[in-house]
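Sequences listed follow chains A and B, in order. For the first sequence, position 497 (counting from the first letter as 1) is numbered 497 according to UniProt numbering, and the numbering increases by one without interruption. For the second sequence, position 45 (counting from the first letter as 1) is numbered 45 according to UniProt numbering, and the numbering increases by one without interruption.
Just so you know, these hints were derived from the structure itself, not from any lab. Any given hint could be a false lead.
Put simply, identical chains are the same to the list, so a pair is met inside one copy or across any two.
To be verified - With a straight-line Cα cutoff of 20 angstroms, these simulated SDA-like cross-link-like pairs (lysine to any residue) come out:
#, residue 1, residue 2
1, K391, N178
2, K431, S169
3, K401, A201
4, K401, G202
5, K501, L437
6, K219, F485
7, K452, E185
8, K391, A201
9, K391, G507
10, K448, H218
11, K84, S149
12, K401, L206
13, K391, D200
14, K478, S441
Number of protein chains: 2
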Amino acid sequence: IFATEILVEAVSIKKPVGTPRWPLHAGVEVVVTMDTPSISVNDSKVSFYLGNEYSLFDNISGVSLDADTSRSREVNRNGTNKSKWTWGPDGQGAVLLVNCDRDGPGSGMDDTDRHVQSSADLQDMSPMILRTQGPSDIFANYKLVLHVSMFDADKVRVFHLHNGNESLSQYKHVLGSNKLSYTVERGEDIFYVEGLAFPDAGFSGLVSFHATLLEVSHKDLPDTPVFKETVVFHVAPWIMTPNTLKPLEVFVCSIEMDSESPNADFLETVRSFVEKTKCKLTICPEVENRGDRWIQDEMELGYVEAPHRSFPVVFDSPRNRGLRDFPFKRVLGPNFGYVTRELPNGQVTSLDSFGNLDVSPPVTVGGKEYPLGRILIGSSLPRFGGRKMTKIVTDFLYAQKVQAPVELYSDWLNVGHVDEFLSFVPAPDRKGFRLLLANPSACYKLFKEKQKEGHGDAALFKGLKREEITIEAILADKMLHHENFYVQNCIDWNRSILKQKLGLTEGDIIDIPQLFKLEGSWAAAFFPNMVNMLVLGKDLGIPKPFGPITDGQCCLEAKVCSLLEPLGLTCTFINDFFSYHVLSGEVHCGTNVRRQPFSFKWWNMIP
Amino acid sequence: IFATEILVEAVSIKKPVGTPRWPLHAGVEVVVTMDTPSISVNDSKVSFYLGNEYSLFDNISGVSLDADTSRSREVNRNGTNKSKWTWGPDGQGAVLLVNCDRDGPGSGMDDTDRHVQSSADLQDMSPMILRTQGPSDIFANYKLVLHVSMFDADKVRVFHLHNGNESLSQYKHVLGSNKLSYTVERGEDIFYVEGLAFPDAGFSGLVSFHATLLEVSHKDLPDTPVFKETVVFHVAPWIMTPNTLKPLEVFVCSIEMDSESPNADFLETVRSFVEKTKCKLTICPEVENRGDRWIQDEMELGYVEAPHRSFPVVFDSPRNRGLRDFPFKRVLGPNFGYVTRELPNGQVTSLDSFGNLDVSPPVTVGGKEYPLGRILIGSSLPRFGGRKMTKIVTDFLYAQKVQAPVELYSDWLNVGHVDEFLSFVPAPDRKGFRLLLANPSACYKLFKEKQKEGHGDAALFKGLKREEITIEAILADKMLHHENFYVQNCIDWNRSILKQKLGLTEGDIIDIPQLFKLEGSWAAAFFPNMVNMLVLGKDLGIPKPFGPITDGQCCLEAKVCSLLEPLGLTCTFINDFFSYHVLSGEVHCGTNVRRQPFSFKWWNMIP
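Produce the complete structure using the sequences and hints provided.
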């Protein structure tokens, strides 16, 4: 230690010239800080002495535990405030990934074994460096222990590069469940930290590691701590991607010809639609989907991100129908992570399907910014027997913190998914997007106009092997009108919540004409539900409504095009009538999209 | 509604003179706000119309759900932002008490039954008023439902004053577990909300109630929501009281003469000491303590507070020795609440005793204020087999939020309690208190001085039926010196944590001379542990150390008096040698104090 000035009673005083000692009166408190530690004991500098002099040598032990606390892809040296983790552009604190992809040779996620399996596996971990400096003979009487609390231990695993030899077998598992502390030899040690658990109810996502210097005072006595360094990591949250992000890969199921409702034609239309957008198309074959075509419902594709690493992560829903094994067996892979929340009893409702889970584009609500948007979850009104998404899933979604969820009312629908009445499309103006809402009133208004124009006998479902129904007949059906008035009320309730929670005004919303009908007390689309669309950049794959032909064109398609084309969007109407619509779903329910992550880093927001 | 101005595209415009209509171009968004609702429909004002016109009539339904959101002991009318609960002097949001006292006739807490038992019982609840205004014929088509989410339902119980008749039997239990919603008749309704659960792991303390107006659109169709009001309550945390607060009542146990270590003499000394301080003295008789004298360990006395009501609450430790039933049977009572956290398996360690739980006076740490102080918990270093306070208790303590806990290292002690090495006393200067720390080095220093002065043959334990030991013999005992060097290291570790976490400097700390000895690897007081004292205002009841008599006075007593009397404190040395000290405890372990609550209101802090 070079001591060139000392701090007395909060006033810094310089060393008096020409005297080896500083005279201080009794009771003065002296704070000595260190630039570099001594090389040897008594090297004519202030002697390097540990402990027992109260507060004199806090923080000058020459022990430093560091990680990428500045989020710069580098392990910082002697960072300050390492024991605090803070949000925002001025925040600091290191980030940890749940190592939930499968780079290694096993059949499960990389975080299920206690080995470093490959360099890709290692790269999913966060480095942590323990440096010890100072005179080597001092360390004879001290022991350095790296440790983690018993409450954090099951959330992480720490590997230590043994012997400095970088072959993978030399990475030793040193901290984790049943390994709370590890005695470190003197020198510079590199550790790799692997996350095992996402933030969730009861786990904030923060994990602390401590390096404690223990004094070995007497052979018959226990060691005593003299110095402690702490560094905190935040496990990266799972992040959802809204429709406004660039699509990279589209998933769809193939249902064979020998099935009751094969989807070959639909598949062909989707293939050429996706081709136009230059996305990758992944078709899940029947052997893997076992007749279950609702790939939107089985999984949600998101991602995790640390400064040094990011990869997509599939959230496998507890729904578990024919597609049950697809996310784990086919989506999980190298640099593609997997997470799920299963109900022990398997008692799911339709609201647990991920068609009932969506995310808005970035919004600002009354000054509060949501730069990663807000998660939307369909839920019920507080009535007995009302269906809700299971708490084990909503707890997980809330705990991610960065896309604060909003609960909507979807239980009025038979299937009960938010994608049955809303979607988001990109827009060049305003907030960068529009919210599309299914709207029965807009459909009645359109049909009345067409009737006035003399098209009362134009019929829905023309050309389908199915009973047609004219505009006149629809407008004359009092019960259908009552039902749609009810549906409009339900959607308006959601409109009001969405406006409030996403900070939207009417100009941010586009009403898509749509009729519903009631099945028992629950609603379903009367004709293919246009809002249930596949959004790939500016290209929209919209369920073909088979509406009344007026002036040589489907008046529903014409209306939707007139609403969306001015935003630079292209509408492609896809026939899903017999392959999806009559089975209570549409294009969106039958597809899934992996999108590019946000360029915005989640740690730069303030949740 | 009187509409005298309207807001168009965020610009307010006045009503044009001399015209009954405002001409507006298409696409304009109109926001209408209400001062008072109409008396009847179409009363020549803007007609009172609910729903279906997007955003036009948000918030003007004439339904208002109110509580004491301004924390003024009054239910506010038409408060804004009622769905947010915020901390601090500018914060808002209502407060709920856990009705954990026993005003009613039962043998348990008031919150265990579903009835309002007495007016005192009712006063522990928080009023909530649901007001409905507007034309009465509108309400024919609407239904008003008060509801609580299924996640909050088990934390509260809501009672409704039925028929306006205020006799207690008319309070009907309307919301709670298995009662998620309640249909309210039109009018002004008073509800009383009872808290059932303290904040804890997985429960933030916030509970929301909603009043939803439902439209009954058609007899064959479900109701649809058109308007929702939400009010949020925060359950009051359990708050500990530091030594600096005024003592009101002292608890001590009576151990009969036929016991091995009776405490009649001790009891008599404590009685006259407490009498001097004008505190109430409550003696727990042997029939209730069953030979267990450690009343500090069995319970911690704190309080809860809402703007309208406050009462003390005993936290019963999971320790459960002879005093097990005392807190529930004798302390719980009218306006005296009770809470406990029990381990299902009953596997407690000595660190679960509440002698291991203390709280500092108010402190400020690096600009952050802790106006209610910080909880101190003794814990272990991360070594296998290290003892820690059980997580079910520390989770509870952390969850109260207002006295953010600090974990200290107490596992080096045989009994393992923080009150074996620290205490706080009031002081007229500096931060209003001093931290007292047991200090072996200070004791060696004192004994060496006395030896130099020629008192080497003065002995400890004089006059006790016990082997005496001279200052010289103590100073010559090398192993004892090693052990105390080790103990000093352990206490210094805590000193460093305390300075950091409580923002203290050396001037805030007073070192109390004290020696320890090791029993196996764990430490115990070598002579009565003076820091383990009973603090009643400026009167300190200190374990009589039986130190060496020099110049006609015990040199330990003289030293402690010289340290504490300048602060205006009075030291009374209480002989607890055979009744407590030889049983591994002292005065503090054998007493407990109920203190006056803070004048500072917890909701005015920012945790």
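* Asked: Quick one: K501 to L437, C-alpha cut-off 20 angstroms, is that within a copy, between copies, both, or neither?
  -> Close inside one copy (16 angstroms), not across copies (53 angstroms); limit 20 angstroms.
* Pop the pair K478 and S441 into one bin, within, between, both or neither, using alpha-carbon distances up to 20 angstroms. => within (14 angstroms within a copy, 93 angstroms between copies)
* **Status of L206 relative to K401 across identical chains (alpha carbons, at most 20 angstroms)** => For K401 and L206, the Cα distance is within 20 angstroms both inside one copy (13 angstroms) and across copies (17 angstroms).
* Asked: For K391 vs D200, is the C-alpha pair at or below 20 angstroms within one copy, between two copies, both, or neither?
  -> both (11 angstroms within a copy, 18 angstroms between copies)
* To do: Tell me, please, which holds for K391 and N178 at an alpha-carbon limit of 20 angstroms: within, between, both or neither?
  => between (30 angstroms within a copy, 17 angstroms between copies)
* Intra/inter-copy verdict for K84 and S149 if alpha-carbon distance must be at most 20 angstroms -> within (16 angstroms within a copy, 34 angstroms between copies)
* **Alpha-carbon proximity context of K452 and E185, limit 20 angstroms** => neither (88 angstroms within a copy, 45 angstroms between copies)
* To do: Evaluate K219 and F485 at a C-alpha cut-off of 20 angstroms and name the case that applies: within, between, both or neither.
  => Only across copies: K219 and F485 sit 13 angstroms apart there, 84 angstroms inside one copy, limit 20 angstroms.
* Intra- versus inter-copy proximity for S169 and K431 (alpha-carbon distance at most 20 angstroms) -> Classified as neither; 52 angstroms inside a copy, 56 angstroms across copies.
* Within a copy, between copies, both or neither: where do K401 and G202 come within 20 angstroms Cα-Cα? -> both (13 angstroms within a copy, 15 angstroms between copies)
* Are the CA atoms of K448 and H218 at most 20 angstroms apart within a copy, between copies, both, or neither? -> neither (95 angstroms within a copy, 23 angstroms between copies)
* How do K401 and A201 come out at 20 angstroms by Cα distance, when the copy is not named: within, between, both, or neither? -> both (11 angstroms within a copy, 17 angstroms between copies)
The structure fails to meet hints 2, 7, 9, 10 from the earlier list, while all remaining hints are met.
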